[in-house]
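Asker: Listed below are the residues making up each chain.
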Amino acid sequence: MKDFFFDRYSQLGESPVDVSPSQSIRINTLTKTQDEILTFLKQREVELQKISSLKHGFRVVNSHFSLGASIEYLMGYFYLQEESAQYSVEVLDPKPGETILDMCAAPGGKTTQIAQYMNNTGNLIALEPIAFRMKKLFNQLERCNIINATVFNIDGRQADELFITFDRVLVDAPCSGNFVGDDDWFKKRDIEGIRANARLQRQLLFSAAQVLKQDGILVYSTCSLEPEENELILDWFLSEHPEMRLEEIDIPGSPGLTEVFGQKLNPEIAKAKRFWPWRTQTQGFFIARFRKC
Amino acid sequence: MLIKFISQFTDDQIIDMNKVVQIQNRYYLVEDTSLINKDPQHLGVFLGAKRNNKFVPSFRLLEFLPDSVPHVVVDQKQAWLFVCGRDLFVEHSFPSNTLVLVYSGRGELLGYGFAKEGLINNLFDRGDFLRREQ
Chain A
1 MKDFFFDRYS QLGESPVDVS PSQSIRINTL TKTQDEILTF LKQREVELQK
51 ISSLKHGFRV VNSHFSLGAS IEYLMGYFYL QEESAQYSVE VLDPKPGETI
101 LDMCAAPGGK TTQIAQYMNN TGNLIALEPI AFRMKKLFNQ LERCNIINAT
151 VFNIDGRQAD ELFITFDRVL VDAPCSGNFV GDDDWFKKRD IEGIRANARL
201 QRQLLFSAAQ VLKQDGILVY STCSLEPEEN ELILDWFLSE HPEMRLEEID
251 IPGSPGLTEV FGQKLNPEIA KAKRFWPWRT QTQGFFIARF RKC
Chain B
1 MLIKFISQFT DDQIIDMNKV VQIQNRYYLV EDTSLINKDP QHLGVFLGAK
51 RNNKFVPSFR LLEFLPDSVP HVVVDQKQAW LFVCGRDLFV EHSFPSNTLV
101 LVYSGRGELL GYGFAKEGLI NNLFDRGDFL RREQ
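Heads up: the protein sequence lines correspond to chains A and B, in order. Numbered according to the working numbering, the first sequence spans residues 1 to 293. Numbered according to the working numbering, the second sequence spans residues 1 to 134.
Fair warning: there could be bad hints in the mix.
Said to hold, decoys possible - The list that follows gives simulated cross-link-like pairs (lysine-lysine, DSS-like), each with its CA atoms no further than 30 Å apart:
no. : chain 1 : residue 1 : chain 2 : residue 2
1   : B       : Lys19     : A       : Lys95
2   : B       : Lys19     : A       : Lys135
3   : B       : Lys38     : A       : Lys292
4   : A       : Lys135    : B       : Lys38
5   : A       : Lys55     : A       : Lys32
6   : A       : Lys42     : A       : Lys55
7   : B       : Lys77     : A       : Lys42
8   : B       : Lys77     : A       : Lys50
9   : B       : Lys19     : B       : Lys4
10  : A       : Lys95     : B       : Lys38
11  : A       : Lys32     : B       : Lys19
12  : A       : Lys95     : A       : Lys136
13  : A       : Lys135    : B       : Lys4
14  : A       : Lys136    : B       : Lys50
15  : A       : Lys136    : B       : Lys19
16  : A       : Lys136    : B       : Lys77
17  : A       : Lys2      : A       : Lys188
18  : B       : Lys4      : B       : Lys50
19  : B       : Lys38     : A       : Lys213
20  : A       : Lys135    : B       : Lys50
21  : B       : Lys19     : B       : Lys38
22  : B       : Lys116    : B       : Lys4
23  : A       : Lys32     : B       : Lys77
24  : B       : Lys50     : B       : Lys38
As the list claims (entries may be wrong) - Facing chain B, according to a computed beta carbon distance under 10 Å, are these residues of chain A, among others:
no. : residue
25  : Met75
26  : Gly76
27  : Ile125
28  : Leu137
29  : Phe138
30  : Leu141
31  : Thr150
32  : Leu162
Stated by the list, open to error - Coverage of chain B stretches by chain A, computed from C-beta distances (three or more under 8 Å per stretch; other residues unrestricted):
no. : region
33  : 39–48
34  : 78–86
35  : 105–112
36  : 119–133
Rather than coming from a laboratory, the hints here were simulated on the basis of the structure. Since the structure is predicted, the reported quantities are computational estimates derived from the model, not experimental observations. We treat Cβ as the ideally placed atom computed from N, Cα and C, and that holds for glycine.
Just chain A, same shape as in the assembly (with noise of 0.2 Å):
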């Protein structure tokens, strides 16, 4: 299956090869000052490049033990995230006091995100329909510190329920991942599958879109490589909210897709961004941000 997939990345002309990317981390400013926590790291000789588009983002350049088992984790001094996730909250620009909408939250790397860019004030709702990744996501909101969130056991598709309008919402969908550190991806994914995602990701943003409020703004990202996920789910999303409008995002990567296999589409799709793993030496990543006019 991977010469299948590669020979799909190919005729959307790409040159795909394997990356190994490095580890990343953001830094928990809801714990400490971002001085304090890089003297910390610092003084036990973890080596660290910041990121220079992600306000709170390093790339982990050398550590002598793993940083996943340290005081300073457990302490939440930082979320082990990996720089290409990190950009779907700094793209939401969650602020302080509004009301936010994490529609997919579990394990909570974006939603301790939005927290931290929160200042730990407003109210972020989080989403998670299933039980046991709940309580990985409650692990995650007490050891970064985060007490703002409120959490429902639900499915996005049902956010209209919690009759509550956002400020904004971020749809960081379930969707069939990409090849980079999982050497099995290829043997686990078919197209089948990819097109089960894409029905699920029209609803959740179907469901997004209903609970935004007038001149909110709505994330869609996914950690998957395949148009199916989403220049197409995009291209869907336009033609059946007119008001819903893409806007440019400053961050890296690639134009969005603006024909796929012989398919021309909205051409403003072109303002989403798309992280190829081997231009950005990250994982495989897809972001666009609507305004609702």
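Fit chain B to the known structure of chain A by using the hints.
Answerer: The following block gives chain B in isolation, referenced to the frame of chain A:
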């Protein structure tokens, strides 16, 4: 269960019990009650949970305890052993069965235990974040 736990450390009213909400086996301190009738599973400040018929506090709750609670400060090596679930040898002698908070040299609250003959028997530590996920 929550009140009984706090009373082992202090007689002070460290939290307003009128603002405490129980959801299943978990306790929360909730200032804004507007979302409670929507059946949340987690909200506000997590205070702790009932686990195997015992109350397991959150670190936020331990941080609410007054400075007068007995405590011990440990070096980096001891701190790591403690968060790995180990007991501590301490020079300071506490009366037997005193509950003692354990801090790192940087002032980080690592957990607590009870004093017994030059030892702090580990009752709860931050390594629980990793152990509870296994």
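Asker: Straight-line Cα separation of Lys19(B) and Lys4(B) no greater than 30 Å?
Answerer: holds (17 Å)
Asker: Checking one constraint from the list: CA of Lys4(B) to CA of Lys50(B), max 30 Å. Satisfied?
Answerer: holds (12 Å)
Asker: Should the interface hint for Thr150(A) be scored as holding, given a Cβ-Cβ cut-off of 10 Å against chain B?
Answerer: Since chain B brings a Cβ to about 4 Å from Thr150(A), closer than 10 Å, the hint holds.
Asker: Are Lys32(A) and Lys19(B) close enough, with their CA atoms no more than 30 Å apart?
Answerer: It holds: about 27 Å lies between the C-alpha atoms, which stays within 30 Å.
Asker: Between Lys135(A) and Lys4(B), is the straight-line Cα distance small enough, at 30 Å or below?
Answerer: This hinted pair holds, its Cα atoms lying about 25 Å apart.
Asker: Is the Cα-Cα distance between Lys135(A) and Lys50(B) 30 Å or less?
Answerer: holds (14 Å)
Asker: Given the hint that Lys2(A) pairs with Lys188(A), does the C-alpha gap stay at or below 30 Å?
Answerer: holds (11 Å)
Asker: Compare the distance between the alpha carbons of Lys19(B) and Lys38(B) with 30 Å, and conclude whether the hinted pair is satisfied.
Answerer: holds (17 Å)
Asker: Count the residues of the region 39–48 of chain B whose CB lies closer than 8 Å to any CB of chain A, then report whether that count reaches three.
Answerer: holds (count 8)
Asker: Keeping to a limit of 30 Å between CA atoms, is the pair of Lys136(A) and Lys19(B) held or broken?
Answerer: OK: Lys136(A) and Lys19(B) at ~25 Å, within 30 Å.
Asker: Lys55(A) and Lys32(A): Cα distance at most 30 Å?
Answerer: At roughly 15 Å apart (the allowed maximum being 30 Å), Lys32(A) and Lys55(A) satisfy the hint.
Asker: Mind checking the alpha carbons of Lys95(A) and Lys38(B) for me, to see if they're no more than 30 Å apart?
Answerer: holds (24 Å)
Going down the numbered hints, you'll see the structure goes against none, and every one checks out.
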